[in-house]
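2 protein chains.
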Amino acid sequence: MKIAVDGMGGDNAPFSTVKGAVDAIKELEVEIILTGDSEELEKELLKYEYDKSRIQVVHTSQKIENEDKPVKAIRAKKDSSMVVAMQLVKDKKADAVVSAGNTGALLAGGLFVIGRIRGIDRPALCVCLPTKKGFSIMLDAGANADCKPLNIRQFALMGSIYSSKVMNVEKPVVKIVNVGSEEGKGNELTKQSSELLKSEKGIIFGGNIEARDIPSGQADVIVCDGFTGNVVLKLIEGVAGFLMSNLKDVFMSSLKSKIAALLVKKDLSDMKKRLDYSEYGGAPLIGVDGALIKAHGSSDSNAFKNAIRQAAGYAKANVVGDISDSMVSLENE
Amino acid sequence: MKIAVDGMGGDNAPFSTVKGAVDAIKELEVEIILTGDSEELEKELLKYEYDKSRIQVVHTSQKIENEDKPVKAIRAKKDSSMVVAMQLVKDKKADAVVSAGNTGALLAGGLFVIGRIRGIDRPALCVCLPTKKGFSIMLDAGANADCKPLNIRQFALMGSIYSSKVMNVEKPVVKIVNVGSEEGKGNELTKQSSELLKSEKGIIFGGNIEARDIPSGQADVIVCDGFTGNVVLKLIEGVAGFLMSNLKDVFMSSLKSKIAALLVKKDLSDMKKRLDYSEYGGAPLIGVDGALIKAHGSSDSNAFKNAIRQAAGYAKANVVGDISDSMVSLENE
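Line order of the protein sequences matches chains A and B. At position 49 of the first sequence (counting the first as 1) the number is 133 in my numbering, and the numbers step up by one without a gap. At position 319 of the second sequence (counting the first as 1) the number is 403 in my numbering, and the numbers step up by one without a gap.
Bear in mind the hints are in silico, worked out from the structure with no lab data behind them. Be a bit skeptical, because a hint or two may be false.
Identical copies go unnamed one by one, so any copy, or any two together, can satisfy a pair.
Restricting the straight-line Cα-Cα distance to at most 30 Å, the calculated cross-link-like pairs of lysine-lysine (DSSO-like) are [said to hold, decoys possible]:
hint, residue 1, residue 2
1, 350, 340
2, 269, 162
3, 332, 318
4, 174, 269
5, 282, 255
6, 127, 349
7, 217, 332
8, 217, 350
9, 356, 217
10, 275, 356
11, 110, 249
12, 217, 318
13, 110, 340
Just chain A, with the same shape it has in the complex (with noise of 0.2 Å):
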């Protein structure tokens, strides 16, 4: 299993990128691709011990900033790390991509240079959340701010074929958001996207879930639209910030809950990092034709080795395969 890895991508490149991968080549069966300024990445790398033969320097001259504009930026820096080592899986050179860079650039580049999967109209993040039950997957998490009821269909299909191949849930039920549980609620696209899912024969429905009901993992694979799966996501981290450091002035407020904290010091963090959703790799896009992996732009090494883990699960797993192949036989029907 080759990855293609953007060296120069996030906010603690190249050392999280570099350490990552040395850190992924010891624990998994994987041969890496680093792309970008080679000077740079090789100073990373000679900080480590490990088996030259399956780190590959790729060198690039440009690198996608956090503030350039995604579709021009893919367009314009046809050398920069992040888009050559999207070439790389265009090319079958390497199996998967994973960057922590630019994510509008990474969405940009995965239809532009990978391109999409045949019969699939809109690429979808697909987040893995921690739930009271173990976890669900959400998508979109953000690629397409406007969604119509097809993409929604498609995002359905296609996350219950992850989450039987990746998760390995038997019979994945897929739930949509929405403003209540009974049938007939929400907005003209929930309840419009909810037609189509009732009648789709690829998927188990199990109608809508509120938001109330995520964190208690009542559906498998939870579909949305890219603006609300973003807010989703992105308020799910912000709560457990603000009670993360409500939690602390708790514990700081007096000489008695300063002893209690250091009783629980080591279970409260060990419950933090559980409950992170950035600890377990990177969000695939699916429907890209191609294993793509984005990252959390904050990725430490660590954070950066499990995305790189997924995205060997994810080629290894054969998701892109499994897609095209149901949307071979929708198109048949």
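Dock chain B against chain A, hints included.
Okay, now just chain B, sitting in the frame of chain A:
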């Protein structure tokens, strides 16, 4: 100040509504008109010592259930506790009305029994969210699943008036929920709404707010469509509940952690209470031509009393009159 109280609305009525009313007249300068089954209400009232001249019971023969279809219920159950309470405001026999009953019916009643303020197309549910800096108000929290930019603009105007008159914020900053902080981000609705808000002289527009930043209190007034607002409100509830339940598990996991729990029990419960938006009374349906407050369905007597307090404050601040005036001046521009 006379407050009409739907005595039969809510999961814990009439216990919660009657006790809430009795407690309210002891703490606030209000008189209460309780609507509902007089036998049941009088039986509850008998439990308490209070100034009988300040609580009046108006008998009604019907009750709107949570399962009732909103518009149908409002039309068919004219002698329900909810409709009669709203009619008291319409007829100027009460200054405000509070109900913890069927939300959809209350929204429909706001439109069909009380009516809209002239110039307002869609009234909005306005909730108060605890933040790092104090409170933000958010509207629409769920009255209108589909919105147009014009509605968002009206929410911004009404929210600004509410924020300055009721929350005493001198120069309330309005932000719109969006998927990025930069200009030009978002879906069609937020893009078009932002253009309207930028040129609206009646508000101070601060641009976008990402969902992640909602708890940090970066805006006094947060505007969004009712679908998004409802997702935000319910997800805050869901994530907070999930974290508190994880925290409970941490505290129950060992003898050491159980000791820690005992040391911070009181502080934690205070924190939980401080962060629970339902503690802060109800949500006014702003834009209706009268003070209409929706209390949380699960309100206990304390939450219900707080909703009565909020209704009194809302009526006293004359928010309805101010919105009405600002609509007239818009018309004359």
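Intra- versus inter-copy proximity for residue 255 and residue 282 (alpha-carbon distance at most 30 Å):
Within one copy only: 16 Å inside, 48 Å across.
Within a copy, between copies, both or neither: where do residue 174 and residue 269 come within 30 Å Cα-Cα?
So residue 174 and residue 269 pass the 30 Å test across copies only (29 Å; inside, 42 Å).
Is it within, between, both, or neither for residue 275 and residue 356, if the alpha carbons may be no more than 30 Å apart?
Neither: 36 Å inside a copy, 35 Å across copies.
Between copies, within a copy, both or neither: which fits residue 217 and residue 350 at Cα up to 30 Å?
Answer is both; intra-copy 22 Å and inter-copy 29 Å each pass.
State whether the alpha carbon distance between residue 350 and residue 340 is at most 30 Å within one copy, between copies, both, or neither.
Classified as both: same-chain Cα gap 18 Å, cross-chain 12 Å, threshold 30 Å.
Up to 30 Å between alpha-carbons, please classify residue 217 paired with residue 332: within, between, both or neither.
So residue 217 and residue 332 pass the 30 Å test inside a copy (26 Å) and across (16 Å) alike.
One pair to classify: residue 356 and residue 217, alpha carbons no more than 30 Å apart. Within, between, both, or neither?
Both: 16 Å inside a copy, 23 Å across copies.
Indicate which option fits the pair residue 269, residue 162 if close means a Cα-Cα distance not exceeding 30 Å: within, between, both or neither.
Cα proximity of residue 269 and residue 162: across copies only (25 Å, versus 46 Å in one copy).
First find the shortest C-alpha distance between residue 127 and residue 349 inside one copy, then the shortest across copies, and answer within, between, both or neither for a cut-off of 30 Å.
Neither: 37 Å inside a copy, 51 Å across copies.
Should residue 332 paired with residue 318 be assigned to within, between, both, or neither, using CA atoms and 30 Å as the limit?
both (21 Å within a copy, 24 Å between copies)
Status of residue 249 relative to residue 110 across identical chains (alpha carbons, at most 30 Å)
within (25 Å within a copy, 62 Å between copies)
One pair to classify: residue 217 and residue 318, alpha carbons no more than 30 Å apart. Within, between, both, or neither?
For residue 217 and residue 318, both the intra-copy (21 Å) and inter-copy (19 Å) Cα distances are at most 30 Å.
When each numbered hint is compared with the structure, violations occur for hints 6, 10, 13.
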